[in-house]
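There are 2 protein chains.
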Amino acid sequence: MVDIATRVYDHNWKIDPIVRSLIDTDFYKLLMCQSVFRNKRDTRVEFSLINRSTHVPLAHLIDEGELREQLDHIRSLSLNRGESTWLRGNTFYGKRQMFRSDFMEWFENLRLPPYHLERVGDQYELTFEGSWPEVMMWEIPALAVLMELRGRAVLRGMGKFELQVLYARAMTRIWEKIEELRQLDGLRLADFGTRRRHSFLWQDWCVQAMIEGLGGNFVGTSNCRIAMKRDIEAIGTNAHELPMVYAALAEDDEALRKAPYDVLADWQVEHDGNLRIILPDTYGTQGFLDSAPDWLAGWTGIRIDSGDPAKGAEIAINWWRSRGEDPREKMVIFSDGLDTPKIIELHQQFKDRVKLSFGWGTLLTNDFRGFVPDDALAPFSLVCKAVSAGGRPTVKLSDNPNKAMGPAKEVERYKRVFEVGDQTRQEVVV
Amino acid sequence: MVDIATRVYDHNWKIDPIVRSLIDTDFYKLLMCQSVFRNKRDTRVEFSLINRSTHVPLAHLIDEGELREQLDHIRSLSLNRGESTWLRGNTFYGKRQMFRSDFMEWFENLRLPPYHLERVGDQYELTFEGSWPEVMMWEIPALAVLMELRGRAVLRGMGKFELQVLYARAMTRIWEKIEELRQLDGLRLADFGTRRRHSFLWQDWCVQAMIEGLGGNFVGTSNCRIAMKRDIEAIGTNAHELPMVYAALAEDDEALRKAPYDVLADWQVEHDGNLRIILPDTYGTQGFLDSAPDWLAGWTGIRIDSGDPAKGAEIAINWWRSRGEDPREKMVIFSDGLDTPKIIELHQQFKDRVKLSFGWGTLLTNDFRGFVPDDALAPFSLVCKAVSAGGRPTVKLSDNPNKAMGPAKEVERYKRVFEVGDQTRQEVVV
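Chains P and C are the protein sequences, given in the same order. Last residue of the first sequence: 432 in the numbering used here, with the numbers rising by one and none dropped. Last residue of the second sequence: 432 in the numbering used here, with the numbers rising by one and none dropped.
Some hints here could point you the wrong way.
Same chains, same label: a pair holds when it works inside one copy or across any pair of copies.
Below, a list of computed lysine-lysine pairs in the DSS-like style, where the Cα atoms sit at most 30 Å apart [as the list claims (entries may be wrong)]:
(1) K313 to K97
(2) K231 to K162
(3) K417 to K97
(4) K344 to K162
(5) K417 to K353
(6) K16 to K260
(7) K344 to K313
(8) K411 to K231
Simulated from the structure, these hints should not be mistaken for laboratory data.
Sequences are here, hints too, so could you generate the full structure?
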């Protein structure tokens with residue numbers, strides 16, 4: 003029987019919206035947003051899309067009208083009652099009322115601010131300006147929209163069975179990865195793949211496959227909407243945008259040197275336990291840890307998000323030892339460009355030396371490599387970053403100079419202030 | 003929106019019927035049935051299930067109650083109006099009114115006769131007795147039911163995502179085969195996979211994939227129900243049961259020697275063109291052709307269904323030449339245990355020498371090899387054959403002694419009458 007009502011209702015959709023909820027975003031954006039709302043609410047920032055994969059000509063692939071429709075649709079979204087109830091009532095990281103009432107009231111009234119879109123050559127310039135807590139909420143949906151529109155452009159030319167086989171291949175690939183991962187004793191793995199996912203439905207499928215395939219070894223997803231829908235843990239702590247904006251706001255070199263620690267000082271006012279995770283690489287991991295105040299060694303763990311991951315973990319282990327901490331009590335979260343072989347390798351290498359966890363992103367939710375001609379569905383490296391704050395440019399150095407950003411002169415200044423010398427370049431895949 | 007009515011209606015199904023239509027069967031059964039109805043209508047026959055793959059303990063795998071429910075359901079089926087209209091009105095092999103009115107009236111009133119089911123050790127003894135045109139219609143549904151029940155028994159223990167990935171793998175495999183086959187210039191390929199299919203839905207999927215992937219190089223399906231549903235050609239001519247029963251009915255050695263040619267003499271009264279296809283291997287291809295009357299060399303082509311296929315084709319080519327026929331005007335149909343590499347090899351070898359066609363069976367519609375532990379979904383060699391006619395046992399020699407059947411003494415007699423010497427054994431996969 004055809005459900006006529008459903009069919010007629012479906013006619014009413016003008017577009018097929020890619021992002022349908024304000025909490026179809028990473029959990030750490032909400033944690034950071036609350037922190038920013040409390041501490042730097044009026045800071046003016048600019049976020050900008052940056053396509054590191056310049057060989058992908060986004061403006062040729064994606065129709066500007068369609069892109070505007072999707073972005074406009076996101077601007078029409080607001081938190082619905084069920085989402086609000088979930089954020090207010092759910093337990094996150096073992097804590098009730100993670101989100102304070104004043105923040106929730108603000109969030110319930112939030113509509114995302116305007117965007118600026120311009121075609122420049124074969125790329126789009128897409129920027130967002132305004133107060134930090136509002137603008138920052140654009141990052142994940144903007145990325146997800148661009149990734150999915152590019153995918154749709156490729157899929158449009160395919161037949162029904164070609165499409166079915168495409169997804170059959172992708173499912174088979176993910177399941178084979180899961181079958182490998184289920185061999186690992188004591189694995190702890192979360193989905194971090196929202197921003198560069200193939201599509202919402204595909205990410206949701208991947209999460210369900212992980213639930214069935216990995217059971218308790220799958221610890222949750224960074225995507226709030228999916229965490230709510232599938233009744234699993236929402237996962238995430240904080241990101242580079244906090245030290246980048248704090249650093250840009252610093253009035254002089256001395257304040258700049260202090261900025262990354264100020265971020266964490268503000269953070270620990272609100273969070274404890276597994277939310278006290280250091281992200282040390284914004285201006286070089288080694289220097290950050292060497293100069294860190296002693297209280298930071300008491301934090302629960304560290305997230306390794308650039309550079310050689312094993313090397314990053316060894317630096318952290320040595321640092322904890324040098325501060326009299328037992329690394330076996332500490333958590334190390336790997337989250338940079340992971341795929342199965344790397345996860346297995348790192349798991350074997352570190353499982354008995356620290357508490358291990360993995361945040362698996364793009365190659366979980368968007369591994370369509372090799373499936374279509376010219377590899378036109380392969381994921382690529384798209385980011386959306388704070389590029390200025392309080393009228394000054396932001397800078398990121400990272401442990402991988404291929405991930406660095408900011409004006410050359412400012413980069414030099416930051417390198418001097420943070421005593422960052424030569425770094426090893428690593429190819430950025432995703 | 004949930005369609006409540008559909009859901010409630012679905013509650014009413016006591017079983018999930020495997021065969022839901024009397025024309026969910028091979029087209030050649032209907033052609034043969036009409037021929038039998040005209041020429042040997044009152045012949046008493048017995049058909050029996052034969053599991054050549056004795057390592058597959060069907061009675062352990064399949065619940066007897068479930069099997070009876072499925073067989074009983076088939077006995078409840080009759081031709082519906084749409085099916086009858088299609089058989090009466092459609093063009094088959096370029097001919098209108100392929101099925102005569104008297105036959106259609108009989109078919110419209112047909113219900114399949116009773117079955118006899120008994121468990122013997124770890125196998126089922128399943129037999130059908132009665133008049134030939136009725137009993138012969140059991141062959142395909144009986145096989146399809148047993149194959150699918152065995153599959154269901156294995157699938158029952160699998161999780162939702164495991165199942166999805168299983169089908170994803172199977173789809174990927176078929177599509178890869180199709181992608182290889184589409185490279186072949188002038189390929190003509192039909193689906194012959196009803197009897198040993200994984201399931202009806204899976205066969206239907208495979209057919210749709212072939213339509214999309216191979217376009218005009220996919221010439222049709224042997225399955226009438228799917229041919230009707232998908233509006234494509236129904237394909238098939240005749241099978242071993244005709245010479246086997248005619249031979250069993252022969253009163254003496256002289257009549258026996260003539261029997262296989264009598265079958266074709268009866269056949270050509272009704273059929274011409276691409277339906278005049280010789281199936282020469284029932285009692286040895288070489289001997290059959292050597293002793294054939296000259297009029298048979300005027301037939302359109304030959305179907306190679308046992309033995310080394312290339313050798314069989316060479317024998318036919320030489321025979322046509324010896325009878326003054328041009329092999330390039332003749333059709334050779336390969337239909338025994340085909341899979342992609344063999345199809346490609348035979349296509350390259352014969353495409354410029356004869357008109358080529360392929361009937362692809364089990365490894366199209368049931369290639370689940372290697373997907374589950376113990377290869378419990380791999381297809382196996384199950385047949386349902388006429389074992390006696392007019393009170394006398396039937397005999398098949400084939401070009402592969404592993405496919406031979408009949409009482410040893412009768413086999414010896416047939417070998418003597420048809421002058422069959424030593425034969426080469428070939429493994430029967432499916």
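Query - K417 and K353: within-copy, between-copy, both or neither at 30 Å Cα - result: neither (34 Å within a copy, 70 Å between copies)
**Report entry** Same-copy or cross-copy closeness of K313 to K97 [CA-CA at most 30 Å]
**Finding:** neither (33 Å within a copy, 76 Å between copies)
Query - Homo-oligomer pair classification [K313, K344; C-alpha up to 30 Å] - result: within (13 Å within a copy, 52 Å between copies)
Query raised in the report: Within a copy, between copies, both or neither: where do K411 and K231 come within 30 Å Cα-Cα?
Result: neither (46 Å within a copy, 70 Å between copies)
Report task. State whether the alpha carbon distance between K231 and K162 is at most 30 Å within one copy, between copies, both, or neither. Result -> For K231 and K162, the Cα distance is within 30 Å both inside one copy (28 Å) and across copies (17 Å).
Requested in this report: Measure nothing new, just compare the shortest in-copy and cross-copy C-alpha distances for K417 and K97 to 30 Å and report within, between, both or neither.
Outcome: neither (39 Å within a copy, 84 Å between copies)
Query - Identical-chain pair category, K344 with K162, by Cα at 30 Å - result: This pair counts as between: shortest inter-copy Cα distance 28 Å, intra-copy 35 Å.
Requested in this report: Indicate which option fits the pair K16, K260 if close means a Cα-Cα distance not exceeding 30 Å: within, between, both or neither.
Outcome: For K16 and K260, neither the intra-copy (50 Å) nor the inter-copy (72 Å) Cα distance is at most 30 Å.
In summary, the structure is inconsistent with hints 1, 3, 5, 6, 8 from the numbered list given earlier, while agreeing with the others.
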